[in-house]
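Take a look at the letters that make up each chain.
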Amino acid sequence: MNNYLYYPGCSLKGTGIQYEKSLLACLKALDINVEELPDWNCCGATSYMSVNEKSAFGMAARNISIAEREGKDVLAPCSACYMVLNKAVHYANEYPDLKCSLKKAMNAVNMDFDGNKQEIIHPLHMMVYQYGLENIEAKVTNPLKGMKIFPYYGCLIARPQARYDDATYPVSMDMLMGTLGADVVDHTLKTRCCGGTITGTISEVGLRMVYILLKEAKKKGAEAIATICPLCQFNLEAYQKKVEKVYNEKFDIPVLYFTQLLGLALGLDEKCLGFGHQIISPRKLLTKNQPL
Amino acid sequence: MIPAFEEPRIGVYVCDCGTNIASKLHVPEVVDYASTLPNVTIAKEYKYMCADPGQLMIKKDIREHNLNRVVVASCSPHLHESTFRKATLDGGQNPYLFHMANIREHVSWVTSDIDDATNKAKAIVSGAVYRVAYHESLEPQKVDVRPEVLVVGGGIAGITAALTIGNSGKKVYLVEKESTLGGHMAKFDKTFPTLDCASCILTPKMTSVKNHPNIEIITFAEVSEVSGFVGNFHIKVKKRPRYVIEDECIGCYACVEQCVYKVPKFLSEFDEGIGLRKPVYIPFPQAVPNYAVIDPETCIEFKSNKCKKTCVTACNEVAGRDAIDFNQKEEIIELDAGAIIVSTGFKAFNPDVMPQYGHTRYENVYTSLEVERLVNSAGPTGGEVILKDGSKPESVGIIHCVGSRDKNHNKWCSKVCCMYSLKLAHLIKERTGAEVYNFYIDMRTPGKGYEEFYEKLLEEGTHFIRGKVAEVTDWAITPQEEGKLVIRAEDTLIGTVRRIPVDMVVLAVGLEPGKDAGDIRRIFNMSCSEEGWFLERHPKLAPVSTFTDGVFIAGACQGPKDIPESVAQAQAASAEAMCLIDKGFIELEPNVAVIDETRCSGCHVCLGLCPYTAITYNKEKEVAVINEALCKGCGTCVGACPSKAINQRLFRDEQIFAELEGLLLV
Amino acid sequence: MIDLSRKVKYQEELDKNFLSEMESIDGGENLRNCIQCGTCSGICPMSIYMDIPPRKIIAMVKEGFKEEVLTSFTIWLCASCYACSVHCPEQIQITDIMYALKRKAIEEKVYPKRFPIPILSREFFKMVIKRGRNSEFRLIIKVWLKVSIAKMLSMTSLGWDLIRTKRLSLRSDRIKNHKELAIIMKNLNGTS
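So the sequences go chain by chain: A, B and C.
Its first residue numbered 1, the first sequence is counted upward by one per residue in the working numbering.
Its first residue numbered 1001, the second sequence is counted upward by one per residue in the working numbering.
Its first residue numbered 2001, the third sequence is counted upward by one per residue in the working numbering.
Just so you know, these hints were derived from the structure itself, not from any lab.
In this text the structure is predicted, and so the values were computed from the model without any measurement.
Just so you know, not all the hints are guaranteed correct.
Straight line, CA to CA, 25 Å or less: simulated DSS-like cross-link-like pairs of lysine-lysine [to be verified]:
| id | chain 1 | residue 1 | chain 2 | residue 2 |
| --- | --- | --- | --- | --- |
| 1 | A | K13 | A | K148 |
| 2 | A | K215 | A | K284 |
| 3 | B | K1329 | B | K1306 |
| 4 | A | K99 | C | K2179 |
| 5 | B | K1407 | C | K2062 |
| 6 | B | K1329 | A | K215 |
| 7 | A | K28 | C | K2166 |
Now the stretches of chain A that chain B is said to cover, found in silico as 3 or more residues with beta-carbon under 8 Å [stated by the list, open to error]:
| id | region |
| --- | --- |
| 8 | 161-173 |
| 9 | 234-240 |
Ideal placement from N, C-alpha and C gives every residue a C-beta, glycine not left out.
Bound-form chain A, shown alone:
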C-alpha cells in the first residue's frame, strides 16, 4: 500500500508549487513511495466539460489507463483533478456506452481502459483513512501547539461522490489537524464554493465568495486557513489583498496547504515546505511554532 503514482495536475507545477514541495516532503517522511505518473496529461478540469464532453472524459481516461498499466493507485492532490478522474470512472461504470467509447479510444493507442483497477485517492483521505492517524501521530515531533486552524475543504473533494466523508460536513481534515495538535475551528462553510474559476473571470462575484470565507475565518479567530486544493488556496490567498480593498476590512490570514502544516508538525525543514512561496506571510505562525 505504500507505493503510489503521483498525479500533480497543471496547478501543482505552477501556482501550487508549494503544495507539490510540501506533499512530496511529507510523503517521504511518512515512508510512502511515489513516482510521478509517467507522461501525465492535463485532466481537463472544469473547462473541458464546458466544450466537449467526450474529449473531457478522454483526457481523464488516458491518465487512468496509464495508472492501470503501471498497476498502482494514484494520489491526486488537486481536488479538481481528483474529482474529474473519479467522475470519469464513475460515469464509465454507470453508462456502458461511454465505457465502450473510452475503451475503443484507448485501444487505438495500444492501451486499455477499465476504470476499476486502480483507485484515485486524495492524499488527505489516504493519510487519514489508509495510512492512519495513529501512525501519523507517532511521527509528530513538533505539534502545532494549539494553532487555531480553519479547515477549508472546498467543494470538489466532497462532491459529487462522497466516498470517505460527508458531502456537506466532512471531518477528515479536522481529525488530521487535531492529531497534529491544532485547535480546529468548527464552522459550516467547510465545502462552500470559493468561487473556482469565477473569481478570476467575474471578479465581483468571485471576490465575494472569498470574502465570505475569510470573514468567517476571522470571526472565529482563526490564525490560518488549511486548504487541500490549489485553486481554493489561490483564491483565498492571492486575492486576499483585493478583497481587503474592495470590502475595506483587514484579514491578513495565511492560507496554507494541509501538507505544509503536516510537514511542520512532522518536524520537517521549513525550506522544503515551500513557505517562501506564500503571498501572505505565515512568519508569525512559524515563529510561534518553533520546534522544541
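Based on these hints, arrange chains B and C on the given structure of chain A.
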C-alpha cells in the same frame, strides 16, 4: 387417456365477453372445434357467461345432459372461478369438477392477429377439456376457529381494535412493547384539524381498555414467536421485567419521589430526550397501566448493589405495599388466538443523517416530536415553548419534508407532516407570539376540515414560503443574523433567494417503518412493500388483510397515515377479524399437497423448502406430514420430492400431463 | 419609460426538442422528475447573482424555453460545485445539465461578446488538446487579450505577487505523447 372409473361428460362454454373476446377471435370456430374433442357432450357460445342467464344455462345443461364436468372458456379464474364453481354446485355436481380456461387475458387481450388468437384459444380450450377429464370431486376443508384475538401494538389503532372486538364479547389480548399504552398519540398536545387535546380524547379510551372485562393488557412485552395457522395461532410473548410487581403497584409515585436521585438526571425516552427522568419512573401521568418501571441501565442498585433503596421504603410506608422486586425475571407468556391484528405503528425519521439541517450541531434545532413534548402541558417545560436557555423564541422556522419526498433518504410523502406543521405553527404562535415561517414544497391538506385549517393558519399571519430549505447555519452576513440560526431557501413563488434568521428551527420529520418492522413481519409471516411498510393484500380493495390468512394490519405500520385513518383501519381490521371468528370455522381450498406415506423415504428435502412451514416430520412413522390447513398449494414440495411421493390435489401429474397433451394438439 | 412589451409566451416560440436533447445526456435522466422544490437554488452559492435561478432553468428546459436558457448568464455563473446535484431530492444531476447547456451555447455561439468564461473554456481546450498540459500564465494572457486588456492590466499587482513568490511559471510543457492524445481525441469524436 380416458380414466377407467367414470366416463366424463363435459360441457364446454365459450364466452364472447361482449366484444372483449368475440371481436378478437372466431368464437364459433372454437366452439365447433371443442365439440370434436373427446368426451365433450355439448359445446356452446354465449355472450356473457358470468351473467345470470349464463349460469342458469350451466345448471340446466348439467341436469338435462347429465354433465359431470364443466369447462368455461372466458376470463381469468381470479374473477369468476368461484362464480362458475357455484353454478356447477347448484347444478348438482361437485364444484371442483369445473375448470376455467382463460381466453381473455391470455389470448384476446394480448394477441393482435385474429387467426393466431383463434388457434391459441383452441389450444387452451383443448388443454382444459383434456385436463378436466381427470378432475375429481373434492371437499373444502373445514377448520375450527378460536374465538380470541391478539392485538399487537397499543397505540390508537391497537386500542381501537381491542375495544371494538372486546365490545362484541370476544376476548382480546393487547400486547404492547412499551411500559404504557398510547403510542405516539400520547405524546402529542393537540391534534389537527380540530385542535382536540390528544390526551383528553385518548386517555378515556385507554381507561376503557384497562377496565374492560374482555381485554387483557400485556405491557413491556413483545411477541417472540407465532406458530399455527388461521383460526389456531399459538403465540409466545416475551415480557420484560419492570422490576415492579404489577398486581401490587397502585401508581402512587411514592417510589419515584423518594428515589435516591433527588433530581431527574437521565434522558426520558417518552419526552424524546427533551425531559429528564429518574431510574424509577412512570412515563406520563395518565399512563395505562399505571405501574412504575425501573431502568436497570441507570438504577444504582443494579450497578453496585449498595443502594439505600429508598423506593422500597417509600412503597412500604406510603402505599403500605411491597411492590418492588429487583429480582424479577423475564417471563414467557403463551397464548392462543384465532386472529391477529398487527398495529405496531411507525418511527419518526432521524434527521441526524442530514447535517445541513444542524440537528446535532445546534441546540435550538428540534424535531417535530421533540416540539410536541415542549408544547404538551404535561411535558418537561409545562407547555412553554422555550429555547434551551429558557427564553422565548421571537422567530421560528418550520421546515417541511425532512427526510420525505427525497430520493437520498425516503422517497415517499409522509402524508401527515404538512398538517402537523400547520398545527405546530399555530401552537407556537399561540404560546410565544413569535413570527412563524413554514417552508414547504407542496401544501398537502386533503381530508375533512384540513383545507379550512390551512386557511386558519393563513389568517393568523403565518409566513408560507414555498421552497425546500437548503441549509440551516449560524454564519451571519448582516448584523441582524448574528447569533441566530439562518435558514437559506429560495422563495420560488416570489422568485428570490431568502435568508431568514430565526431563534428556533423545527424539522418536520417524516414517518418510516418501525425500527423492528423487519423482525415483526417475519414473526407474523407478512410481506412488506419495497419501502418496508407491511403489505396489504390489495392496495384498493383489501387494505387491512395480509397475504397470511388470519393476520390483519391496521394503522401506520401499513403506511403513513393520520389518526382518523388509523382508527378507521383498526375498525376495519376488527370487522375482518370478527368475520373470521363469528363464523366459527373457515373453509380452506382443497388444492393442497398430499404425501403418499408408502413412497416417502423420510429424506427431509421438502421440510426446509416449504415457505409456509406446513411440513413436519413424524419420527415414529419416519415420514413427512403436511398440515393441510397451512398448505397453500404452491407446489414446491411436489416438484422437489425425489421419491415422487407428493402429489397436489387439482394439480395432479395426470391432470397436468393431460392439459399439455390437449394444448399440443393444435 | 414603462416597458409595455407583451410578456406572453406562445407555443410556437418554444423548442419541443430541447427537453429530449437535455435529458439524453449522461446525467440528464431524471430531468422530468423535477418537483420544483427549490433546493438547488437554495444551496447554490451563485444563485443570488444569476438572472435565472437553477430551479427555473430546469423548469424552462422542461418546457422548451431554449432561447432564454441559452442566453442566460446563469449557465456561465455556475461554478460546478455540485452542491445542487448532491442535495436534489429527485437526484437530478443539475451540474451535468449546466455543462450541457454551456456546450450547447458555445456550439450555437449564443453568449455575449468578450464574455470571459466561454473564452477561457475555449482557450483552455485549444491549448490542452495541442500540448496535453496547460500553462497558467499563457492561458491568462490569451484570455484577457481577447476579453479586455484594461482588465488584464488591473491584475498586474496580483501578477507581481505571483512573480515575487516564484509561483508564476513561464514554462510551457508539452507531453511526450501528444500525438497519442490527438489520436484518442479523434477516435472519441468519431473522426479517426
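Status of each hint after checking the structure:
1. A:K13 <-> A:K148: 29 Å, violated
2. A:K215 <-> A:K284: 20 Å, holds
3. B:K1329 <-> B:K1306: It holds: about 20 Å lies between the C-alpha atoms, which stays within 25 Å.
4. A:K99 <-> C:K2179: 22 Å, holds
5. B:K1407 <-> C:K2062: Distance of about 20 Å is within 25 Å: holds.
6. B:K1329 <-> A:K215: Not OK: K1329 (chain B) and K215 (chain A) at ~61 Å, beyond 25 Å, violated.
7. A:K28 <-> C:K2166: 24 Å, holds
8. 161-173: holds (count 3)
9. 234-240: violated (count 0)
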